[in-house]
Amino acid sequence: MGVRWKCDLDKPVLISNFRRRGWIDVTAEADDTDGWDLWWANVQSIKALFADVLTRLQPHQRVNHFPNHYELTRKDLMVKNIKRYQKQIKRDGGNPDDLDIIPTTFVLPQDYMLFAEEFRRCSQQQQQQQQQAGTTGGGGGAGATWIMKPSSRSQGKGIFLINKLSQIKQWSVNSLPPALRSGADNYVVSRYIDNPLLIGGKKFDMRIYVVVTSFKPLKVYMSRLGFGRFCNVKYSAEVGEMRNEFMHLTNVAIQQHGEDYNEQHGNKWPLELMRLYLEGSRGVEAADRLFADIEGVILKSLRACQNIIVNDRHSFELYGYDIIVDDTLKPWLIEVNASPSLSTTTQADRLLKHRVISDTLNIITPPDWLAITDPAALPPDLRDVDPAAYPFREQVGSFHLICDESEDYQRYKAAQQARAAMAASAMMAATAAGAAAAPAAAAAAGAAASASGSGGGASSAGGSSSGGVAAYDGTAFAAAAAAAAAAAAAAASAPPPRPVRLYSAQSHGSGWGRSSLGIPSGARNSTGSGYAAAAATAGAVAGGSGGAAAGNWSRESAAARFLKGTVSGPAGVGSGGAGGSLRPRSAV
Amino acid sequence: MKPRLSQRDRQRSSASGSGLPEWRTRDQASSRDDSEYDDEPKEPHHYESKSSNDRLLLENVSYALQARLAFSPYLAGATMDAVIPYSDPEPQLPEPLAAARVLLQRAVLQRLRELQLLVEWPLMRPPSTAAQMERLLAGGCRPSELLGVRSGPPLDHPRLPGALQGLGLLGPMDFAVVLATAGAPLMQQQHLGKLEWMPLSQTGRGGVAGGSGSGSGSGSGSGSPEGPLGPLGWITWLPRSVGLLPGLPAVAALPWPPPGLNWLREFFRDLHPRQRHVGVDDRTLPWFRDVKVAAARAVVSEGGVRAAAAFAVFGVPHGARAAVWETALGLRRPPGAGMWAGSQRLQAGGGGGSGGGGGGRRGSRSGSGAAPSGFGSEDAERFERLCTQTLEQPLLLDVAVSEDAGPAVGDSEAFFLFEETVRAVLLAFQRDSQVAKRLAAPPVAMLNTSNAVHAVLATAPSQPPPPPPGKEAAGDCGGGSGGCTTADGSACDGGGGGGRHKPTVLPYYPPSGVLPHKGISLLAAPLCYMYDNTAALYGMFRALYCRYWSKLHSLSACGLPSPALPGLLRVFESTMQELDPQLVCHLSSLGLLPATLVLPWLATAFSGALPVQEVLLLWDRVIGLDSLLPLPLLAVAILCFRRHVLLSCTSAGEVVSALSDISQLRAVPLLQAVLFPGSGTEG
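Residue numbers (the UniProt record's numbering), protein chains in the order written: chain H, 1 to 588; chain D, 1 to 683.
Keep in mind that a hint or two might mislead.
What the hints assert, rightly or not - A few chain D residues that face chain H, going by a derived Cβ cut-off under 8 Å, partial list only:
no. : residue
1   : 318
2   : 321
3   : 414
Unchecked claim - Some, not all, of what chain H presents toward chain D, calculated at C-beta under 7 Å:
no. : residue
4   : 277
5   : 421
6   : 424
Hint data in this document are derived by calculation from the structure and do not stem from the laboratory.
In this text, a Cβ means the ideal position worked out from N, Cα and C, and glycines have one as well.
Could you put the whole structure together from the sequences, leaning on the hints where they help?
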């Protein structure tokens, strides 16, 4: 029994990804809420699905949107949420400047008066600056440039630039009776970023792919794949060019009608090359800082609506973030798309989107999900692995984890830090041992102990964490680390030959990282009886000793500990980790 | 008549939207055609019909060119057998190579004529007047910004139809042909005389990709018209008999024995996997990059040329690459020595550039301490001066340069943003008269301005025209204080003493002596990832070209440790034979000579074939070892790495398509694998 999928969008990148996995297409089959495992739905289906109160989804079923995804992806609602979050931070005594992630924005027509005030203020400021600079610009009373966008349209439709208030008279408060001011005509007006970073003289924005698997606790992956979408025409801030949308708007839907549109590359520049260019021309630090800032922008925008979004556990979301970078290398959030374009223009585009979808599917179908849904789809190297011991996935294909608020992750991270600290101290010990100084070795061991202690303190369960570190795996090194407090000389006497290699240890073999599915026994009555039997066994074994079960490699016991782990919480997780320690280290 | 009609419409539709001057044909017949068919409905633009349309267009253009070549008044008196005297002949050049060089010179001559007929430009266009220059620069633009614009007012380059874009005077194909034919026992001398060159119009985007063979013996007409064969499509153009040769015969005549694998292992000992390398270890060890960046800063601040080169062998982290390369190439002086170097440089410049022997060494002004790049304002001024000269005196070769940058850079996903930068750099490079004397290896053909053939070609007296009266004004509005420019395009960048410079007879055409080889723009494009500043980019490109890349466009017989193209091919052949004779046999049986397969990679130093990061990592090794030997070795490594695929190929077309995309490969691990098999690329 494979994974059964439904897909509302007729996009080759999606369909081919599903097919390649050998999953079963049930798109055409009758609407049966139980008849699918994964549904790549369009917005209408989502609305219908979650509007129906009677529908109870099975715990393992997954859909690609959150019920009220529009809170983040509609331009006006995003602005509202971010502004509210700013206020909240200010109330809590935080620094609201940290949240300066979107250009100044107002929703029209509601905020027209506020906007008019701000508009005049900005224009005055600009004129003063011009006078100070001595350039009596040819604007002739024109103020700062703002950009008008319809709240809920896409692909650059209906967007235009303004620099006079009179240009948007029809959005002023009194021009329409309230009844006619429906949501359809809602616009947002934002300060236009008139100093964008230009590469080759052209303006661009970045499309960045982000997968959110849960809002509470927030868990976010960001892809290193992505691209910059470039304008065809060289950028100029001249007032006379304000209507040239080939110069100002980067949307592919617009640019591909430009005369210089190139079918070979579609004006898209891979994000990795952009990073390379920035490292070369602006320095490594600047490039690193920019991409860290972009992660920050993404996280802040997600936190802003963390409490608004209905955190349905069946949902995940693939967002397409649009980000503009200005010439000081500050990223600005322009828009978030819940259904980023999956149509492809060029060969490279097709490859990129195919990989993004493939990695997204890998994220939302973790091994423990597959283990109960479609054991055959598990990668061969994971088939025999205890589900409790599936590696924690910080990196899934091109995506890497940028935020995980779950306790599991906190524990995992603390353990990792402790390990790094120990590796560092082992390096110190190794060098110190060369000098044959016993006190130095003792000091190094003390550092290791304190490091692991602090790492434990960071997590919620300090004691179990450091114990877990000791049990993390069976190598001599970890054992030595566990014994560090007791026998410092032992740790110093057996340093690894190349301590630096320890950094590269990729095995996250503990059980802390698996996503908690919380699947009750008999969750999937439709998939063979084997699992029901396993679940029954699980119930029986659950009360027994975890250590005994850990030694057993049969699938039943694996499922048993898996269930126990989810039921009994941290303690069970700890024993799962201990169980994992018995197996040999794999895939370092 | 019908095909002609459709192709003409296509030309129009490709250019009509732009409002820019399109491909102009001034002869009466074609303009009559235009007016006659103006009312015809435009052909709908279908992707499928494009390639066949392109082919029709190409055939028509080829035909027209050949017809006009026969009757052209430009060519009265100049026969095809006229040989351009080589200005700086290498006396010890062995016979087959010398014959190959003559053949290439003939090809250049023919293509140059064709180009001239195609765009109807003389070799030198009338120089811009002062008023024109003033108008050009009125907007406050710097000349370097105007230079890259693809077509339109500044340079007024003709906009060729799509299929003709990217044409080149000399390409890897031509090198393959001459190296295979000269000195071959199969080919008698009389065959050489009758050797048919791929017409210029076929060297463009449509011709090469289409593989439409009207040329000499295109044996395996592998079916699909476009795409799958990609950049190597021309291989099927080679005569089939080439595949029967044991190796390139001209290359085998080199006077030195090929190095064995053991020699290479010793030469490349620093690449051994027991060392940590950028490009291998930084992917698995996150801290390694930071360590390398810190080390690179230390190396740069110390300023030792040898230390920087030794550092570069192990790879340079990208953020520090520009500085390390500048140090290793001697473009940057340690802080404190700046003033001294500057003054010495002035003297050297006054003495006629006597310090140019080693190739590309130039003192930068004392800006290395503060400025992020080692290039100072003096270099920027010089670059702007060269750009001004380009605007003032357009050359026919500018078209070839401009066209080379079109498809190679403009269509590439990695480089398209830098098309204008690359074009400006190459155009300025052509004008740089300092280049000729710094080249590490003599180019294939240096056109001599005093030559009679050239005089005929130029439709002008052999003496350059007198400087226009507005010379001073033109120099002034160029902005350079020492901007003395002469109308004949000769550069005077000898330190800015405007008064004592007198206009000299232009020694070479173009002034740099370097003909725009096909793919030369790809040699400049990766540098765009290192520099924001075009002048600094130009300085780096010039240094690299003079020291290394000129050898890729030369038939010089210079030997180890840094051979030129024939030597590189020889190393490739011998290493290939030593490592995998079975694969060589198999390829030969398919009519393919391995060396011809890898020639395009070598000609662009793998730029455009490998991803940018890998190209730069490879060039790190070139600079670090001060030799081009990493290139043929990587070519060997790629063939060996793909050997299973290649051995299962049953036709030349399959082999070519199996090698057409190497963008997933990583350079350094491959080099290590071929040099030190079994030691394992760890991590």
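Do the hints match the structure? See the list:
no.	hint	in the structure
1	318	holds (5 Å)
2	321	holds (7 Å)
3	414	holds (6 Å)
4	277	holds (5 Å)
5	421	violated (14 Å)
6	424	violated (11 Å)
Of the hints listed earlier, those the structure fails to meet are numbers 5 and 6, in rising order.
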